[in-house]
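*Asks:* These protein sequence lines are chains A and B, in that order.
Numbering-wise, the numbering used here comes out as the position in the first sequence, counting from 1, plus 744.
Numbering-wise, the numbering used here comes out as the position in the second sequence, counting from 1, plus 17.
Here are the in silico distance ranges between beta carbons for each label pair:
#1 B:Ala33 / A:Arg807: 46 to 52 Å
#2 B:Ser43 / A:Arg774: 25 to 31 Å
#3 A:Ser830 / B:Ser87: 39 to 45 Å
In case anyone wonders, no lab produced these hints; they're calculated from the structure.
Every residue gets a Cβ at the ideal spot worked out from N, C-alpha and C, and that includes glycine.
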Amino acid sequence: KAGVTQTPRYLIKTRGQQVTLSCSPISGHRSVSWYQQTPGQGLQFLFEYFSETQRNKGNFPGRFSGRQFSNSRSEMNVSTLELGDSALYLCASSPRQGDEQFFGPGTRLTVL
Amino acid sequence: AQSVSQHNHHVILSEAASLELGCNYSYGGTVNLFWYVQYPGQHLQLLLKYFSGDPLVKGIKGFEAEFIKSKFSFNLRKPSVQWSDTAEYFCAVNAPNGNNRLAFGKGNQVVVIP
Numbered sequence: 745k746a747g748v749t750q751t752p753r754y755l756i757k758t759r760g761q762q763v764t765l766s767c768s769p770i771s772g773h774r775s776v777s778w779y780q781q782t783p784g785q786g787l788q789f790l791f792e793y794f795s796e797t798q799r800n801k802g803n804f805p806g807r808f809s810g811r812q813f814s815n816s817r818s819e820m821n822v823s824t825l826e827l828g829d830s831a832l833y834l835c836a837s838s839p840r841q842g843d844e845q846f847f848g849p850g851t852r853l854t855v856l
Numbered sequence: 018a019q020s021v022s023q024h025n026h027h028v029i030l031s032e033a034a035s036l037e038l039g040c041n042y043s044y045g046g047t048v049n050l051f052w053y054v055q056y057p058g059q060h061l062q063l064l065l066k067y068f069s070g071d072p073l074v075k076g077i078k079g080f081e082a083e084f085i086k087s088k089f090s091f092n093l094r095k096p097s098v099q100w101s102d103t104a105e106y107f108c109a110v111n112a113p114n115g116n117n118r119l120a121f122g123k124g125n126q127v128v129v130i131p
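Using the sequences and the accompanying hints, generate a full structural model.
*Replies:* So this is what it looks like as C-alpha cells:
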C-alpha cells in the first residue's frame, strides 16, 4: 500500500497570506489527523477528521481549519499567516480511532 | 488533558551500549501508548505500541518497552544500539475512547557514535 502523502512538501508564504495543505491517507483509512511540529513546542495536535466530520480539535486559534472529503483526503487551511506559524505540518491516518497512526513526510511551511 | 514527559532530551552513546529512554504520562484512565522514531530526513515511524495485555512489548529493530501502570510510565529500551539508531524518539499517548488525539513528549535526540 502507498503511504500517507502530503502536498506540497515545501511552502514559503508571507505574513497575512493564507495557505492550504493537502493530505492523502493510506487507502482504506478513514481517520486523518493533523499535527504541527516546531523546535520549541514539539508535536502538537491540531485536529482529527473521521468520515468527513471533525472529531477532535487541539488548542489552536480559529485561523487553523480543515476538512475531509468523501474519499478521506483531507486539507487544512491557515488564514492570516503569522511568523509563528512556520513549522512542519504532519498528517497521519489510521484505520480506526485509537489505533496506530501512520505519518506522512510533512509540509514545511515558512512564513516570512 | 494528557501530558507526556520525556527526560534527557539529548543522549549520546557509543555503539553496543544499552539505551533506556523514560516516558511518563499524566492521565488517569486507560491509555494507548506508542513510541515513534524519526530518523534523519525521514518521517515518523512506529517503533512499538501498547494497548493491553503483556506490559512488556517488543517492537521493530530490537526495541522493547515496559508499561508500568502504577508509575504511569512506558520506558523504551534497547540492549545494544547501533549507529543506525541515531534518531529522535517520541513517546505518545492517547485515550482509546474513540479519540485519535495523540499527546507527544518533547522527544529524545539520540546520537550513537560508531
